[in-house]
Amino acid sequence: MVSFLLIALLLATIALGDASAPFRSAVEEYEVIQYVNPLIGSTNGGNVFAGATIPYGMAKAVADTDSRSNQGGFTLDSSRITGFSSLHDSGTGGQPSLGNFPLFPYVSCADDQVNGCRYPKRERRTTFDQTSVVASPGYFALTLSSGIRVDMTTSHHTSLFRFQFPSSQNTSPLILLDLTDLSDSRQDNGSVSVDETTGRLRGSARFLPSFGSGSYEPYFCADFSSEAGIRDNGIFVNSRASTDVKNITVPRSINGYPLPAGGFVRFNARSNQTISARVGLSFISSAQACQNAEAEIPDFDFESTQAAAVALWTEKLAPIRVSRTGVDASVLTNFYSGIYRTFVNPQNYTGENPLWRSAEPYFDSFYCLWDSFRSQLPFLTIVDPSAVTQMVRSLVDTQRHLGWLPDCRMSLCKGYTQGGSNADVVLADAYVKGLSEGIDWDDGYAAVWKDAEEEPFAWSNEGRGGLASWKSLNYIPVEDFDHVGFGTMTRSISRTLEYSYNDFTISQMARGLNRTTDVERFERTSRYWQNLFRADQRSAINGTDTGFVGFFQPKHLNGTWGYQDPITCSTVDRSGRACSLQNTGAETFESSIWEYQFFIPHDMATLVTLLGGPDQFTRRLDYLHEQNITDIGNEPSFLTVFQYHYAGRPGKSTARAHFYIPRFFNPTPGGLPGNDDSGAMGSFVAMTMMGLFPNPGQNVYLITAPFFESVDITSPVTGRTARIRTVGFDSAYNNIYIQSATLDGRPYTRNWIGHEFFTEGGELVLTLGRNESTWGSGDNDLPPSLSVTSLLEIQA
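The numbering of the sequence shown is our numbering, which starts it at 7 and goes up by one.
All clues stand as given, with none of them false.
Listed below are the simulated SDA-like cross-link pairs for lysine to any residue, each with C-alpha atoms no more than 25 Å apart in a straight line: (1) 252 with 204; (2) 456 with 494; (3) 456 with 522; (4) 456 with 480.
Please keep in mind that the hints were generated in silico from the structure rather than gathered at the bench. Every value quoted in this text rests on a predicted model; they were computed, and no experiment measured them.
All chains should be built: construct the whole structure from the sequences, respecting the hints.
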């Protein structure tokens, strides 16, 4: 049989035609960065990091609030400021992440005594002027109710804060540094020392990750610059401070709550005073934190540091340029802000990994791959392939030293596995799209092979569980008996579906690496999802039968069926059932059987047939969306927006995209429907509005009408430009249905395209109209599926 992978590549290459000459962008020049608003998602549970950073930067400076939704540090709501810290993640759920070693400024202390200031977080928190907040790439600022204006910028490992004190007050300001984090997770032996002469603060503490096991120890080195000079400095413990003590090591807590402790520096009195604080960071040592700071921001030059950050952001945003013709600025802001958020995480910790020595890159804050494999990392593969190459090398190197590919990783710790071993999809996606520089693909393949074949002791953190049952029963059973490894014995349906897809992506790598036996084996196991499909299962909502028959259901070790209501864990579920990693959790992770029934990304042709053919499949997919069963604020929903393509109805995919954007994704602080999940939501917005959405792990992008008259994507590697141009575009979005298409001047009827479009360049012209057409509906126009051989045989 002809190779699925090679045929898909061949079809895409043939379709592109002769692209020997680069296709140059003709879109007007403008400053893209003006359309980035980092505050999108800073309320309503978006949990974005809204502060100052550079692409993939380790230093992330922002004001931290006491909001219940402060996972990214800052929330633009009525919460209060607790400090200004330099380590953060973005868009995560669960407990707040990082936020270590916050600074906090005082105009002065009561009675001009150091013990007249309040040191514990709960006592010092203060309100701020919401209208004063300014955020842009590489910059963040606000004004506290005390009148102190605080702005900040960063380099890669260093934050630079500027505290501007009220001009009318001739007082002695104090700035403290607290040995705490956002979630108050500090463990024993937090330490700080202060240099009596220079005021330099150095130290470290051990903390817990927000969604994983283990602990981590960051280090800091804080220096200050003030024309007025230092008056005194010292240490605080709990609510008391002393200028006589210059260093301290503290235990975790008294009565369970972390004991407040840290250092402070007080400055001589002066009106109209500005004090700069430079905070170097490291996961190796305080000495390295100081070295990082001195090397990156030697002169406390705020303007040049900010300008360098802006230049880096401008470079990363440069590959994609859209036509502004007829488009409101809010649409452009929605689009480019989504792109911006894809570059915030993962974070490049190269040179800051204390766990092993290696010449390979090290990236952290893969938080989590279950979220980012679907569109964020595929998006970065288009616009920043060199960074994704480094990320893949980092993942493979992590497996070399820790034994397993991570499914989630943060703060140098192992995160929790949510479903399958989805690093397999990340590696396969990079492989089929031709990333290679510095990647040892033999080691990469060995890593994904191990995920599929060997069970780790703690599969709650890595790899897969239940492999004995998987191999003997060909599914993951509900209430499995697993004596080899240990993890939460739930999610049997979603794990079976994800393992099946993981195996398919491994088979694609095996084919390219000429591992013939493995190709056959993993293609066979990629069909195991069918073993949990119960053909006679019905579904009702509030007692009313939906009219659809055939759903996935859990199955016991003895082969008998279990039961889970297909709407459990959906947005219409009122049962209150746990749907995450709880021991009492459901058999589907964070989504329902109704939604997971469509998660067969590699064999949609079989699924369409199983669900009654294209018309019935379309009706069922309509029902998922129109009855609000799907949760567009969670990643399993992403591909369902576009799966009409596999039933020959790409126009309905476009209509769904316009339903969700901007209704659920808009350029406001509350403009995200859920956690941004390290840029996953941002990438959904970006790729949907571009009009090309990936089916990850495959060389397939599903074509829909873009939200712009034209989109130019220039490859940073080849310099060639892929242009999507529309005919009949209207900014009211009445003409959203593709009537016909050409690729480099030749008719193009397939409703998908390959990655070569981005690397080789070309022009895809889409003629639009008000009504759905037959474009992309023919059998030979549908995207590839594992079980479809007719198209492959014809092309062979």
